[in-house]
Amino acid sequence: MGRWFDAPNRLGPLLVAPTVLILGGLLAWPLVLGVWLSLTDASLGTAGAFVGLANYAALLRDPVFLGAAFYALFYTTCAEVLKVALGLALALLLNRRFRFYRITRAVMLLPWVAPTVLSALAWEWLLDPQFSAISWLLVHLGLIHGYINFLGETWLARASLIVVNVWRGLPYFTIGYLAGLQAVPRELLEAASIDGAGPVTIFRRIVWPLLLPVTTILVSFSAIWTVTDFQLIWTMTRGGPLNATQVFTTLAYQRAITGGNLGQGAAIAAFVIPLMVVFAAFALRATREHA
Numbered sequence: 280m281g282r283w284f285d286a287p288n289r290l291g292p293l294l295v296a297p298t299v300l301i302l303g304g305l306l307a308w309p310l311v312l313g314v315w316l317s318l319t320d321a322s323l324g325t326a327g328a329f330v331g332l333a334n335y336a337a338l339l340r341d342p343v344f345l346g347a348a349f350y351a352l353f354y355t356t357c358a359e360v361l362k363v364a365l366g367l368a369l370a371l372l373l374n375r376r377f378r379f380y381r382i383t384r385a386v387m388l389l390p391w392v393a394p395t396v397l398s399a400l401a402w403e404w405l406l407d408p409q410f411s412a413i414s415w416l417l418v419h420l421g422l423i424h425g426y427i428n429f430l431g432e433t434w435l436a437r438a439s440l441i442v443v444n445v446w447r448g449l450p451y452f453t454i455g456y457l458a459g460l461q462a463v464p465r466e467l468l469e470a471a472s473i474d475g476a477g478p479v480t481i482f483r484r485i486v487w488p489l490l491l492p493v494t495t496i497l498v499s500f501s502a503i504w505t506v507t508d509f510q511l512i513w514t515m516t517r518g519g520p521l522n523a524t525q526v527f528t529t530l531a532y533q534r535a536i537t538g539g540n541l542g543q544g545a546a547i548a549a550f551v552i553p554l555m556v557v558f559a560a561f562a563l564r565a566t567r568e569h570a
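Anchor point for the sequence shown: position 140 equals 419 in my numbering, and the numbering is continuous, going up by one each time.
Incorrect hints may have been included.
What follows is a set of in silico ranges between Cβ atoms, one per label pair, in the way DEER data are often shown [claimed, not checked]: (1) Thr480 to Ala559: 32 to 42 Å; (2) Phe410 to Gly519: 32 to 42 Å; (3) Gly425 to Phe329: 23 to 33 Å; (4) Asp474 to Leu435: 30 to 40 Å; (5) Pro342 to Pro553: 54 to 64 Å; (6) Asp474 to Leu400: 22 to 32 Å; (7) Val479 to Thr356: 40 to 50 Å; (8) Gln409 to Thr433: 13 to 23 Å; (9) Leu435 to Phe509: 20 to 30 Å; (10) Asn428 to Gly475: 48 to 58 Å; (11) Arg376 to Gly425: 42 to 52 Å; (12) Leu312 to Leu563: 47 to 57 Å; (13) Leu306 to Gly519: 24 to 34 Å.
Don't read these hints as lab results, they were simulated from the structure. Even for Gly, the Cβ is constructed at its ideal location relative to N, Cα and C.
Between the sequences and the hints, there should be enough to build the whole structure, so can you do that?
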């Protein structure tokens, strides 16, 4: 019996079987059920009938859904670009030894570890059209003449959500890049410096290429979380004003839960699956190359 377990092609699958069963029950089955619902006209209280791709065809003609798809991609792209740039800049600063650098690194994690809803509520107050602390500061600095309705105007609301998402995700990128910078061999940097290479050349030719696998991992996982973001957007704007900040998740919730159209809500959510598969594939490939 012991020899039977010694075989790697037998013991390995046996050890992961409980995990596979749990993940299958908690993740795979809801996913399959959601895809099936997207192919029906199910609503709250009724099982519905099979309608094939009718829900998807209807959504592709729905201007609200097309707007949500545009903003979801715009929101994700802008947030990831800013998080990469700012996260790398902060990591380069924190990679230096200075007074209280350990405390600074710990404090920087607060936006990441704070509950999303509490962070969103705090930002909603900061951006409030009547009591905004940001508007108050800008007025007293003489930069504006009246309070700004950040969450009540289309592009201001879109930009505000991106800023809040970047604020929350920045520590994740900073810590990731900081770990990557500390793994760069000092010998390479010293040799390049001795050969006369400047800081920009060293970063462009040595540091950045070594950080590319880390960047792929950070962006892939963060993009999955961003494109499926619900709590932050729903807490702050609920998709408004005038559906300007709708994304896949908020629109799916509105159509399925508050609107009762489970089939169409499931179809909206299913549009995210290909994006998640692409991001997961990039993350898996980068993880294997970095291992």
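Against the structure, the hints come out as follows:
In this structure, Thr480 and Ala559 meet the distance hint of 32 to 42 Å, their C-beta atoms being roughly 35 Å apart. Distance hint for Phe410 and Gly519: a CB-CB separation of about 19 Å, inconsistent with the stated range 32 to 42 Å. Distance hint check for Gly425 and Phe329: the Cβ-Cβ separation is about 55 Å, which falls outside the suggested range of 23 to 33 Å. A hinted range of 30 to 40 Å for the beta carbons of Asp474 and Leu435 is inconsistent with their spacing of about 50 Å.
Hint check: Pro342 to Pro553, Cβ distance near 22 Å, so the stated range 54 to 64 Å is violated. The beta-carbon spacing between Asp474 and Leu400, approximately 53 Å, falls outside the hinted interval of 22 to 32 Å. One distance hint, 40 to 50 Å for the beta-carbon pair Val479 and Thr356, is violated here, with the actual separation near 26 Å. The given range of 13 to 23 Å is respected by Gln409 and Thr433, whose C-beta atoms sit roughly 20 Å from each other.
Taken as a hint, the range 20 to 30 Å holds for the pair Leu435 and Phe509, whose Cβ atoms sit roughly 21 Å apart. For the pair Asn428 and Gly475, the beta carbons lie near 55 Å from each other, so the given range of 48 to 58 Å is met. Remark: the range hint 42 to 52 Å for Arg376 to Gly425 is upheld by a beta-carbon distance near 46 Å. Here the CB-CB span from Leu312 to Leu563 is close to 25 Å, at odds with the stated 47 to 57 Å.
Between Leu306 and Gly519 the CB atoms are about 31 Å apart, so this pair conforms to the stated range of 24 to 34 Å.
Hint violations for this structure: numbers 2, 3, 4, 5, 6, 7, 12, all remaining hints satisfied.
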